[in-house]
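A.B. asks: This is what each chain is made of:
2 protein chains.
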Amino acid sequence: MCNEQPIGFIDSGVGGLTVVKEALKQLPNENILYLGDTARCPYGPRPAQQVIQFTWEMTQFLQKKNIKMLVIACNTATAVALEKIKTTLDIPVVGVILPGSRAAIKATKTKQIGVIGTEGTIKSASYKRVIVQKMPNAKITSLACPKFVPIVESNQFQTSVAKKIVAESLRPFTKQKVDTLILGCTHYPLLRPIIQNVMGTEVKLIDSGAETVGEVSMLLDYFQLANDRPTKDREVAFYTTGSTTMFDRIASEWLDEGSVNSKHIVLGEKNL
Amino acid sequence: MCNEQPIGFIDSGVGGLTVVKEALKQLPNENILYLGDTARCPYGPRPAQQVIQFTWEMTQFLQKKNIKMLVIACNTATAVALEKIKTTLDIPVVGVILPGSRAAIKATKTKQIGVIGTEGTIKSASYKRVIVQKMPNAKITSLACPKFVPIVESNQFQTSVAKKIVAESLRPFTKQKVDTLILGCTHYPLLRPIIQNVMGTEVKLIDSGAETVGEVSMLLDYFQLANDRPTKDREVAFYTTGSTTMFDRIASEWLDEGSVNSKHIVLGEKNL
Numbered sequence: 021m022c023n024e025q026p027i028g029f030i031d032s033g034v035g036g037l038t039v040v041k042e043a044l045k046q047l048p049n050e051n052i053l054y055l056g057d058t059a060r061c062p063y064g065p066r067p068a069q070q071v072i073q074f075t076w077e078m079t080q081f082l083q084k085k086n087i088k089m090l091v092i093a094c095n096t097a098t099a100v101a102l103e104k105i106k107t108t109l110d111i112p113v114v115g116v117i118l119p120g121s122r123a124a125i126k127a128t129k130t131k132q133i134g135v136i137g138t139e140g141t142i143k144s145a146s147y148k149r150v151i152v153q154k155m156p157n158a159k160i161t162s163l164a165c166p167k168f169v170p171i172v173e174s175n176q177f178q179t180s181v182a183k184k185i186v187a188e189s190l191r192p193f194t195k196q197k198v199d200t201l202i203l204g205c206t207h208y209p210l211l212r213p214i215i216q217n218v219m220g221t222e223v224k225l226i227d228s229g230a231e232t233v234g235e236v237s238m239l240l241d242y243f244q245l246a247n248d249r250p251t252k253d254r255e256v257a258f259y260t261t262g263s264t265t266m267f268d269r270i271a272s273e274w275l276d277e278g279s280v281n282s283k284h285i286v287l288g289e290k291n292l
Numbered sequence: 021m022c023n024e025q026p027i028g029f030i031d032s033g034v035g036g037l038t039v040v041k042e043a044l045k046q047l048p049n050e051n052i053l054y055l056g057d058t059a060r061c062p063y064g065p066r067p068a069q070q071v072i073q074f075t076w077e078m079t080q081f082l083q084k085k086n087i088k089m090l091v092i093a094c095n096t097a098t099a100v101a102l103e104k105i106k107t108t109l110d111i112p113v114v115g116v117i118l119p120g121s122r123a124a125i126k127a128t129k130t131k132q133i134g135v136i137g138t139e140g141t142i143k144s145a146s147y148k149r150v151i152v153q154k155m156p157n158a159k160i161t162s163l164a165c166p167k168f169v170p171i172v173e174s175n176q177f178q179t180s181v182a183k184k185i186v187a188e189s190l191r192p193f194t195k196q197k198v199d200t201l202i203l204g205c206t207h208y209p210l211l212r213p214i215i216q217n218v219m220g221t222e223v224k225l226i227d228s229g230a231e232t233v234g235e236v237s238m239l240l241d242y243f244q245l246a247n248d249r250p251t252k253d254r255e256v257a258f259y260t261t262g263s264t265t266m267f268d269r270i271a272s273e274w275l276d277e278g279s280v281n282s283k284h285i286v287l288g289e290k291n292l
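Residue numbers (the working numbering), protein chains in the order written: chain X, 21 to 292; chain E, 21 to 292.
Since the hints were derived computationally from the structure, they do not count as laboratory data. Everything hinted at is true.
Calculated cross-link-like contacts (lysine-lysine; reagent style DSSO-like; alpha-carbon spacing at most 30 Å):
hint : chain 1 : residue 1 : chain 2 : residue 2
1    : E       : Lys45     : E       : Lys106
2    : X       : Lys106    : X       : Lys45
3    : E       : Lys252    : X       : Lys131
4    : E       : Lys126    : E       : Lys224
5    : E       : Lys129    : X       : Lys252
6    : X       : Lys129    : E       : Lys126
7    : E       : Lys45     : X       : Lys126
8    : X       : Lys126    : X       : Lys41
9    : X       : Lys167    : X       : Lys283
10   : E       : Lys159    : E       : Lys197
11   : E       : Lys224    : X       : Lys224
12   : E       : Lys252    : X       : Lys159
13   : E       : Lys184    : E       : Lys197
14   : E       : Lys224    : X       : Lys129
15   : E       : Lys129    : X       : Lys45
16   : E       : Lys159    : X       : Lys252
17   : E       : Lys126    : X       : Lys41
18   : X       : Lys126    : E       : Lys131
19   : E       : Lys45     : X       : Lys129
20   : X       : Lys106    : E       : Lys104
21   : E       : Lys41     : X       : Lys129
22   : X       : Lys126    : E       : Lys129
23   : E       : Lys41     : X       : Lys126
24   : X       : Lys131    : E       : Lys126
25   : E       : Lys41     : X       : Lys131
26   : E       : Lys224    : X       : Lys41
27   : E       : Lys41     : E       : Lys252
28   : X       : Lys45     : E       : Lys148
29   : E       : Lys224    : X       : Lys45
Since the model is a prediction, treat every value here as computed from it, not as a measurement.
With the hints as extra help, turn the sequences into a complete structure.
C.D. replies: What follows is the structure, encoded as C-alpha cells:
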C-alpha cells in the first residue's frame with residue numbers, strides 16, 4: 021500500500037472543481053487528479069446508459085493513473101453510475117448524493133427541503149429517495165435547472181445573464197417554501213451568491229460537494245489510506261476532454277491556487 | 021444482507037452508554053446491543069495484552085448475536101485492540117479515537133489540545149500520534165485521570181467527591197493552557213459539567229463518543245447497512261458482566277429512555 025497515490029475526481033466538466041477546492045483545503049497532504057469531460061458536457065440531459073458509459077471511461081482513465089480512491093464529483097453520474105462502479109472497483113468510491121442528503125437532514129428545521137439539479141439527477145429522484153428513507157415526514161421539492169451548467173461552463177456565472185436565468189429558474193420556490201436548498205449539482209456552488217440572493221438569506225444552501233470531502237477524509241482514515249506524510253510539493257493535476265483554455269481560466273479563478281495548466285485528453289471513440 | 025441486524029457496542033463498563041445515548045438520537049431506526057464488561061472494569065490500568073483478550077471476548081459474544089457493525093465504545097480498547105479486530109472481522113469495526121481526533125483538529129484555534137484518558141489510552145499515545153500526523157504543529161498535552169472511571173462506575177459522578185477529584189486531577193492544565201480538551205474516555209462525558217466548570221467555559225470539550233456516532237452513520241450508508249425501514253419497536257438490549265442493579269440505575273438515569281433492564285452474562289474463564 022502506498023498512501024502517496026492520488027485521489028481521483030471526475031465530473032462532466034468544471035463543476036467538480038467545487039469539490040476539489042474543498043479537498044485542497046481539507047486534505048493538504050493528498051495528491052489530486054481531476055478529470056472533467058468538458059467535451060461531452062452537460063451530462064444532465066443524456067440518457068442514463070450513456071452517462072454510465074462516459075463515467076466508466078473517465079474512471080478507467082484515472083485507474084491507469086493508479087488512484088487510491090475515486091470521487092464521483094458529479095451528481096448526474098453519482099445518481100446513475102455510483103453503485104455499479106463502487107461494486108466493481110477494488111478501491112473506495114464516493115459519490116456526492118448521500119453526503120448532501122445527510123447535511124440537509126441535519127440543517128432543516130421545517131423539514132421542507134428543496135433540491136435543484138440537472139434533469140438526470142432530478143429524474144433519478146436519488147436525493148428524494150435517500151432523504152425520505154431517513155426522514156419519512158420530510159417534504160422534498162425537486163427542480164431541474166438545465167440552464168445552470170451551460171452558464172458555468174461558458175464562464176458566465178458572474179454575469180447579469182446568470183442572475184436573470186437563476187431568478188427565473190428558481191421561481192417555483194416562491195410558492196413552495198423551503199428552509200434548506202440542496203445544490204444538487206457540483207456546478208451550482210459557482211452560482212452560489214446569486215442563488216442565495218434569489219432564495220433569501222434565511223434559506224440554508226447545502227453544497228453537496230463540500231460535504232463530500234468530509235466523507236472522503238473519514239474514509240481515508242477508515243481504510244488507512246490517508247497520506248500522513250506532509251508533502252511540500254503535492255501533485256494536483258487537471259485533465260479535460262474539452263478546451264484547456266476555457267478550463268484553465270475557470271479553474272485558475274475558482275481554485276485560487278495560482279495558474280492551472282490542464283492537459284487535453286480524448287475519451288471514447290469519438291469525443292463529441 | 022439484512023439491515024435489521026443490530027449494531028453492537030462494547031465498553032469496559034457503563035462509559036459506552038455515552039455513545040449509545042448519541043446513537044439512540046442520531047440513528048432512530050437501528051437496533052442496538054450493548055455489552056459492558058463491568059466486572060473487569062476499569063480496563064485503563066490493565067496490560068495491553070489483557071485488554072485485547074477481554075475485548076475479543078466481548079466481540080465474540082456480540083458476533084453470536086449477529087451484529088452488522090461493531091463499535092468499540094471504549095478508548096482503552098480502541099487504542100490497543102481496534103486494528104486487530106478490524107482486520108479479523110468481516111463486518112465494519114469503528115473505534116472512538118479517530119473521530120475524536122478529527123473533531124479536536126477542527127475545533128482548536130490555538131493548536132494547543134489537551135487529551136485526558138485512562139492510563140492505558142494515554143500510555144498508547146494514540147490521540148497524540150493521530151493528531152500530530154494530521155496537524156504537525158499541534159501541541160498535545162496528555163494526562164491520565166485514573167480516578168475518573170471508578171467515580172462513574174460507582175454512580176458518584178454528580179457528588180462533591182467527584183468535584184474534588186476532577187479539580188485535583190486537571191490541575192496540570194492550569195499551567196499548560198489548551199483551547200480544546202478531548203474527553204478521551206467514554207466514561208468522562210458523565211463528568212462533563214464538572215470538567216467544563218474546572219476547565220472554564222472557553223475550553224471546548226470534545227466528546228469522542230458522540231463524534232463516533234457521526235462516523236457510524238456515514239459507514240452504515242457507505243456499506244449500505246443502514247436500516248432504512250422505520251421500526252416502531254426497535255430492539256435496544258443491554259448486557260453486563262457485573263451487577264445489573266448498578267448498571268440499570270446508571271443507564272436508566274443517563275439514557276433518559278425509561279427503565280433499563282440489563283441481563284447479566286459471564287465472559288472468560290473467570291469473571292474477575
